[in-house]
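Trainee: Below, each chain spelled out in residue letters.
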Amino acid sequence: MTADLVVTISGSALLILGAFIIASAAIGLIKLPDLYTRTSAIGTAAGLGVALIIVGVVVLDFSPLNVVKGVIAIAAQLLTSSIGSFALARSGYLTGSRPVATTIPDELAASTASPRDRLIDDDESFGDDSATS
Amino acid sequence: MTTSPWSLPVRALALLGWFTKQFIVTSVQVSALILTPGRQPQPGIVRVDLDEMSDAELTLLIAIITITPDTLVIAVDRRARAMFVHGMFVAGDPEAFRSSLLDTQARLVRGVRWRAPASHAREDTP
Numbered sequence: 001m002t003a004d005l006v007v008t009i010s011g012s013a014l015l016i017l018g019a020f021i022i023a024s025a026a027i028g029l030i031k032l033p034d035l036y037t038r039t040s041a042i043g044t045a046a047g048l049g050v051a052l053i054i055v056g057v058v059v060l061d062f063s064p065l066n067v068v069k070g071v072i073a074i075a076a077q078l079l080t081s082s083i084g085s086f087a088l089a090r091s092g093y094l095t096g097s098r099p100v101a102t103t104i105p106d107e108l109a110a111s112t113a114s115p116r117d118r119l120i121d122d123d124e125s126f127g128d129d130s131a132t133s
Numbered sequence: 134m135t136t137s138p139w140s141l142p143v144r145a146l147a148l149l150g151w152f153t154k155q156f157i158v159t160s161v162q163v164s165a166l167i168l169t170p171g172r173q174p175q176p177g178i179v180r181v182d183l184d185e186m187s188d189a190e191l192t193l194l195i196a197i198i199t200i201t202p203d204t205l206v207i208a209v210d211r212r213a214r215a216m217f218v219h220g221m222f223v224a225g226d227p228e229a230f231r232s233s234l235l236d237t238q239a240r241l242v243r244g245v246r247w248r249a250p251a252s253h254a255r256e257d258t259p
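Chains as they are written, first to last, in the working numbering: chain A, 1 to 133; chain B, 134 to 259.
Incorrect hints may appear among the rest.
[Said to hold, decoys possible] Stretch by stretch, here's where chain B covers chain A in the computed footprint (C-beta under 8 Å, at least three residues):
1. 18 to 32
2. 40 to 49
3. 64 to 70
4. 74 to 81
5. 86 to 99
[What the hints assert, rightly or not] Ranges of calculated distance between the beta carbons of each label pair, as one might list FRET restraints:
6. Leu79/A / Gln162/B: 16 to 26 Å
7. Asp182/B / Thr95/A: 20 to 30 Å
8. Ser187/B / Ala3/A: 44 to 54 Å
No lab work stands behind these hints, which were simulated from the structure alone.
Even for Gly, the Cβ is constructed at its ideal location relative to N, Cα and C.
Looking at chain B on its own, in the form it has when it is part of the complex (with noise of 0.2 Å):
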């Protein structure tokens, strides 16, 4: 995987296509789970600790999570830099849903950043 400044575009482009593929799926999953007559949501909310990252990229992080209609941010907690996120299909395995949104952490961060995380080993050495 290149992590050259050059190749942002791409990467931010891949982040694009996979957030409309995902906004939509679970558009419509949510849908589904509303108009099937006597299914109830398993819904849970779980704590993830977030990596570092700027104030800009966190805003954009909460809004990717809550776009995206099952999961919705309910609390920050910036010095302890963790968040608690509502999810609609929980059921009952949080860590299969805190694994889902550290992956969209680390896909967000590898379409934003001029340098994806990758290179931080080669940034070490001088």
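Excised from the complex, chain A in its bound form (with noise of 0.2 Å):
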């Protein structure tokens, strides 16, 4: 009976912390100034959020089973969600997307004369240094 209380309140609380910190990811999204901080706030929702709930669920209806199935998930989870963000922030930067003015240094911007040029012409690579190369 108490150890079901316990299983309860702490799978609950997993889900509800999950659950807030989606709601800030999406929070984010509203305040933040550019792409890029806002991929980066997707992150915490993607990674930390989701994982939190995918914990909850897994505490709530533990067998062995279940655990393997929620690592499984979990790195699934974070593979894909980093890759996702990778190709959203290298095609945001190819569709002209610039960083908000108070990103300092931009090494980047440094780097490229004409970003969307350079970085169409090659599948291989990206930038504009290898050209020299």
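Could you use the hints to bring the two separately framed chains together as a complex?
Mentor: The structure is reproduced here in structure tokens:
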């Protein structure tokens, strides 16, 4: 009975905490100034938020098989969301989304005179320094 | 620091533990930044020159850097072996940010290779 209560409370707390982090990422989408910082905010929701919800579900419905499923789900979620964030940031830069002016330093802008021309002509690499090397 | 292939599981676990801690800490930092009224991020983009590494290691490095919410890889130049990383808390100190990324790279290489970099010197001598 008491063990049941502990499981219910801790599992629900994890679910609520995960939902809270996802909600804060949603606020970040409105508050933050540019594409790149907003993508970072999404990283908290897609990473810690989803991971906490998965852990909460595993705690509420515990079995060894569910633990394995949970670990696989978290690992797959982290890997895919990180590659997705990278693709989003890269395509955002290619289509001309500039970082906010408070981005100091911006060594990518410094290294690319006309970023769009440089980046599109080469599938293998991204950046202008490669042309001279 | 032992670098025999047998220590790989230990080194991989050390990487996993460090990464988990880093992931949680930076997630909380970014959430705190968002939820603090009136506080804005102090972002920056730095160029990081990469060591020699395989495509799989490079992919893993990009994944690890991008998962931690305060850092984000924007571009990779494979021929010049450099990447451009966006950080949320650079605050005008690019050198500290760059060295933290190089530290991540060193930890990754130590955690996934059969022989960690420290063994290079020994490999050179027959």
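Trainee: Look at each hint and say if it fits the structure.
Mentor: Tested hints:
1. 18 to 32: holds (count 7)
2. 40 to 49: Answer holds; 6 residues pass the 8 Å Cβ test.
3. 64 to 70: Coverage by chain B is violated for the region 64 to 70 of chain A (0 residues, Cβ < 8 Å).
4. 74 to 81: With 3 residues close enough to chain B, the hint holds.
5. 86 to 99: It holds, with 5 qualifying residues against the three required.
6. Leu79/A / Gln162/B: 16 to 26 Å: Given about 22 Å between the Cβ atoms, the range holds.
7. Asp182/B / Thr95/A: 20 to 30 Å: holds, 27 Å
8. Ser187/B / Ala3/A: 44 to 54 Å: Since Ser187/B and Ala3/A have Cβ atoms about 48 Å apart, the given range 44 to 54 Å holds.
Hint 3 alone, counting from the list given before, is not met by this structure.
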